[in-house]
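Visitor: Sequences are here, hints too, so could you generate the full structure?
Number of protein chains: 2
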Amino acid sequence: MAAFFALPGSEALAIDLAELTASTCGALEVRHFPDGESYVRVRSEVAKQDVFLVCGLDSPDAKFLSLAFAARTIRSRGARSIGLIAPYLPYLRQDKAFHEGEAIASKIFADLLGHEFDRVITVDPHLHRYASLDAVYGIPTRVVRSAELIGEWVSENVDSALIVGPDSESAQWVEEIAHAADAPWTTFRKERRGDREVQLAAQSLEEWRDLMPVLVDDIVSSGATMVEGAKLLRTAGLQSPYCVAVHALFDDATGARIESLTRKFLTTDTVPNKYSHFRVAPLIAGQLSSDLA
Amino acid sequence: MAAFFALPGSEALAIDLAELTASTCGALEVRHFPDGESYVRVRSEVAKQDVFLVCGLDSPDAKFLSLAFAARTIRSRGARSIGLIAPYLPYLRQDKAFHEGEAIASKIFADLLGHEFDRVITVDPHLHRYASLDAVYGIPTRVVRSAELIGEWVSENVDSALIVGPDSESAQWVEEIAHAADAPWTTFRKERRGDREVQLAAQSLEEWRDLMPVLVDDIVSSGATMVEGAKLLRTAGLQSPYCVAVHALFDDATGARIESLTRKFLTTDTVPNKYSHFRVAPLIAGQLSSDLA
Numbered sequence: 001m002a003a004f005f006a007l008p009g010s011e012a013l014a015i016d017l018a019e020l021t022a023s024t025c026g027a028l029e030v031r032h033f034p035d036g037e038s039y040v041r042v043r044s045e046v047a048k049q050d051v052f053l054v055c056g057l058d059s060p061d062a063k064f065l066s067l068a069f070a071a072r073t074i075r076s077r078g079a080r081s082i083g084l085i086a087p088y089l090p091y092l093r094q095d096k097a098f099h100e101g102e103a104i105a106s107k108i109f110a111d112l113l114g115h116e117f118d119r120v121i122t123v124d125p126h127l128h129r130y131a132s133l134d135a136v137y138g139i140p141t142r143v144v145r146s147a148e149l150i151g152e153w154v155s156e157n158v159d160s161a162l163i164v165g166p167d168s169e170s171a172q173w174v175e176e177i178a179h180a181a182d183a184p185w186t187t188f189r190k191e192r193r194g195d196r197e198v199q200l201a202a203q204s205l206e207e208w209r210d211l212m213p214v215l216v217d218d219i220v221s222s223g224a225t226m227v228e229g230a231k232l233l234r235t236a237g238l239q240s241p242y243c244v245a246v247h248a249l250f251d252d253a254t255g256a257r258i259e260s261l262t263r264k265f266l267t268t269d270t271v272p273n274k275y276s277h278f279r280v281a282p283l284i285a286g287q288l289s290s291d292l293a
Numbered sequence: 001m002a003a004f005f006a007l008p009g010s011e012a013l014a015i016d017l018a019e020l021t022a023s024t025c026g027a028l029e030v031r032h033f034p035d036g037e038s039y040v041r042v043r044s045e046v047a048k049q050d051v052f053l054v055c056g057l058d059s060p061d062a063k064f065l066s067l068a069f070a071a072r073t074i075r076s077r078g079a080r081s082i083g084l085i086a087p088y089l090p091y092l093r094q095d096k097a098f099h100e101g102e103a104i105a106s107k108i109f110a111d112l113l114g115h116e117f118d119r120v121i122t123v124d125p126h127l128h129r130y131a132s133l134d135a136v137y138g139i140p141t142r143v144v145r146s147a148e149l150i151g152e153w154v155s156e157n158v159d160s161a162l163i164v165g166p167d168s169e170s171a172q173w174v175e176e177i178a179h180a181a182d183a184p185w186t187t188f189r190k191e192r193r194g195d196r197e198v199q200l201a202a203q204s205l206e207e208w209r210d211l212m213p214v215l216v217d218d219i220v221s222s223g224a225t226m227v228e229g230a231k232l233l234r235t236a237g238l239q240s241p242y243c244v245a246v247h248a249l250f251d252d253a254t255g256a257r258i259e260s261l262t263r264k265f266l267t268t269d270t271v272p273n274k275y276s277h278f279r280v281a282p283l284i285a286g287q288l289s290s291d292l293a
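Keeping their order, the protein sequence lines are chains A and B. With the numbering used here applied, the first sequence corresponds to residues 1 to 293, in that order. With the numbering used here applied, the second sequence corresponds to residues 1 to 293, in that order.
FYI, nobody ran anything at the bench for these hints, they're computed from the structure. Everything numeric in this text was worked out from a predicted model, so none of it was measured. Treat the hints with care, as some may be off.
If chains are identical, the list can't say which one is meant, so a pair holds when it fits in one copy or spans any two.
What the hints assert, rightly or not - Using 20 angstroms as the maximum straight-line C-alpha spacing, the simulated EDC-like pairs for lysine to aspartate or glutamate come out as follows: (1) K107 to E29; (2) K96 to E29; (3) K48 to E100; (4) K190 to E100; (5) K264 to D251; (6) K231 to D95; (7) K48 to E102; (8) K231 to E207; (9) K231 to E197; (10) K274 to E102; (11) K264 to E156; (12) K274 to D50.
Guide: Shown next as structure tokens:
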């Protein structure tokens with residue numbers, strides 16, 4: 001028997017997952033004392049159950065301790081196993097020491113989570129140099145992909161689409177979306193000049209002038225890549241693009257800026273926001289159902 | 001050879017400790033990406049050194065991951081040992097499950113720190129049900145006490161002082177201050193009615209009417225205890241008290257409210273603030289010097 005418990009902000013996803021897998025949703029209380037310390041109380045039975053803690057891990061620093069407190073307390077109360085469902089899994093970008101002395105945050109964060117959980121389930125992890133999450137995580141991982149869902153939406157809603165990825169590292173993922181959309185695809189070349197500044201370039205965009213561009217990216221944070229991409233497409237004579245992101249880490253102002261430059265801006269709900277359109281609960285539930293079967 | 005590295009906000013203490021112990025201060029870079037993830041880079045040599053990370057752990061949730069990233073990176077670069085100097089050590093209040101299912105945060109937090117550090121040094125830890133930090137921490141701990149420093153200040157600055165503690169649990173500590181001040185002491189009885197509400201009572205304050213009250217507390221957070229204590233002393237016919245706190249976790253408005261009700265409001269600098277008067281660096285340095293000798 002599986003039971004889902006939500007950390008604050010992930011209640012809707014936990015309820016959806018419980019419904020879709022015919023499981024139960026447990027009660028977890030998380031609040032903060034005036035001095036900022038977290039208070040965690042597990043208010044439902046967990047003994048002998050396979051428990052899943054659901055926690056969107058955007059803003060991971062603020063959430064890690066309460067997540068660890070919940071996991072330890074659930075384990076001490078006799079859960080059979082504890083899985084983490086993190087629709088957005090952070091700390092995958094700092095995957096090596098680019099400069100001497102840098103913390104390899106992806107490895108350390110994976111190790112910290114590995115002490116608390118028996119398995120991790122996530123959506124479209126941002127893997128660059130790693131071929132799979134198993135190269136980072138010592139515990140079993142399950143990856144759910146949104147490419148097909150996005151591709152099908154494009155196929156149904158955009159005539160003569162061209163899928164455009166931000167950089168060569170995204171090629172495989174962009175190709176998956178394009179395949180599901182039955183559309184051609186291309187990528188920019190990207191050069192990052194700082195946390196909030198990128199330079200994009202593209203060869204011969206002109207040949208795609210008659211197509212409707214759909215700019216896709218897995219993570220939108222500062223929004224620099226989406227904004228530059230949309231501008232570059234217009235400069236090359238293409239139409240104002242559709243923009244689709246998986247993980248919405250941007251603030252309201254950035255969302256509005258992207259929306260103003262695009263025909264339509266859509267994201268998944270791994271980080272719930274006003275542009276959330278693609279629901280990941282059915283994808284995660286499908287993975288869980290086959291694992292639990 | 002010892003080397004001190006500061007997390008953001010603890011730079012002044014690290015520099016003081018390096019000077020007072022004739023050691024070096026290393027460079028640690030900590031910043032945040034636009035999406036909130038922490039970036040940590042150790043910019044000085046640590047190989048074969050006894051390293052001390054200095055980190056005031058008020059707002060612990062926001063700081064834990066960057067602290068862990070720093071500790072792991074320092075260890076991977078060959079430090080001989082890594083100590084944590086946390087002038088304020090958080091998560092000591094939730095030291096048992098008062099209600100079924102509550103996370104025993106003090107034990108879990110101690111265990112998490114114990115994975116990263118070889119030892120912990122702190123000032124006046126808030127111990128209620130535990131007799132010593134060793135009952136919570138699996139790694140060696142060193143406790144520095146500010147009672148003598150506070151008591152000596154009272155002795156030099158307040159005529160006919162009466163040291164007043166907030167509750168019976170503080171009795172031993174209040175007595176230490178009173179001993180150093182060569183002054184009588186008493187405590188209130190305290191009943192906590194919520195995170196931000198307390199009720200204080202006292203017996204026969206009238207007998208102390210000719211003395212100058214010095215209200216002391218180890219942690220001031222919401223300020224409810226100090227405010228109620230100051231009012232109760234006035235109601236009983238005593239003068240507006242001096243107020244002294246060790247760990248200043250309050251916000252600006254609370255500080256101003258306490259200041260308005262008291263003759264003088266002073267704290268230590270374990271959490272630097274505008275009322276910081278008592279410097280803990282010499283106390284910590286004294287402990288370190290005897291440990292390192």
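Visitor: It remains to establish, for every hint, whether it holds in the given structure.
Guide: A quick look at each hint next to the structure:
For the homomeric pair K107 and E29, the shortest alpha-carbon distance between copies (19 angstroms) is at most 20 angstroms, but the shortest distance inside one copy (29 angstroms) is not. Taking CA atoms no more than 20 angstroms apart as the test, K96 paired with E29 passes between copies only; the shortest distance there is 16 angstroms, against 36 angstroms inside one copy. Only between protomers do K48 and E100 lie at most 20 angstroms apart by alpha-carbon distance; the minimum there is 17 angstroms, versus 46 angstroms within a single protomer. In this assembly of identical chains, K190 and E100 lie within 20 angstroms of each other by CA distance neither inside one copy nor across copies; the values are 24 angstroms within and 53 angstroms between.
Taking the shortest alpha-carbon separations for K264 and D251, only the intra-copy value of 17 angstroms comes in at or below 20 angstroms, while the best inter-copy value is 43 angstroms. Taking the shortest Cα distances, K231 and D95 never come within 20 angstroms of each other, neither inside one copy (30 angstroms) nor across copies (56 angstroms). Taking CA atoms no more than 20 angstroms apart as the test, K48 paired with E102 passes between copies only; the shortest distance there is 18 angstroms, against 41 angstroms inside one copy. Taking identical chains as interchangeable, the C-alpha atoms of K231 and E207 lie at most 20 angstroms apart only when both belong to the same chain, with a minimum of 17 angstroms there against 79 angstroms between chains.
Taking identical chains as interchangeable, the C-alpha atoms of K231 and E197 lie at most 20 angstroms apart only when both belong to the same chain, with a minimum of 14 angstroms there against 55 angstroms between chains. Proximity of K274 to E102 under the C-alpha cut-off of 20 angstroms is found in neither arrangement, the shortest distances being 35 angstroms within a copy and 34 angstroms between copies. In this assembly of identical chains, K264 and E156 lie within 20 angstroms of each other by CA distance solely inside one copy; the values are 15 angstroms within and 71 angstroms between copies. Proximity of K274 and D50 under a CA criterion of 20 angstroms is satisfied in neither setting, with 33 angstroms inside one chain copy and 50 angstroms between copies.
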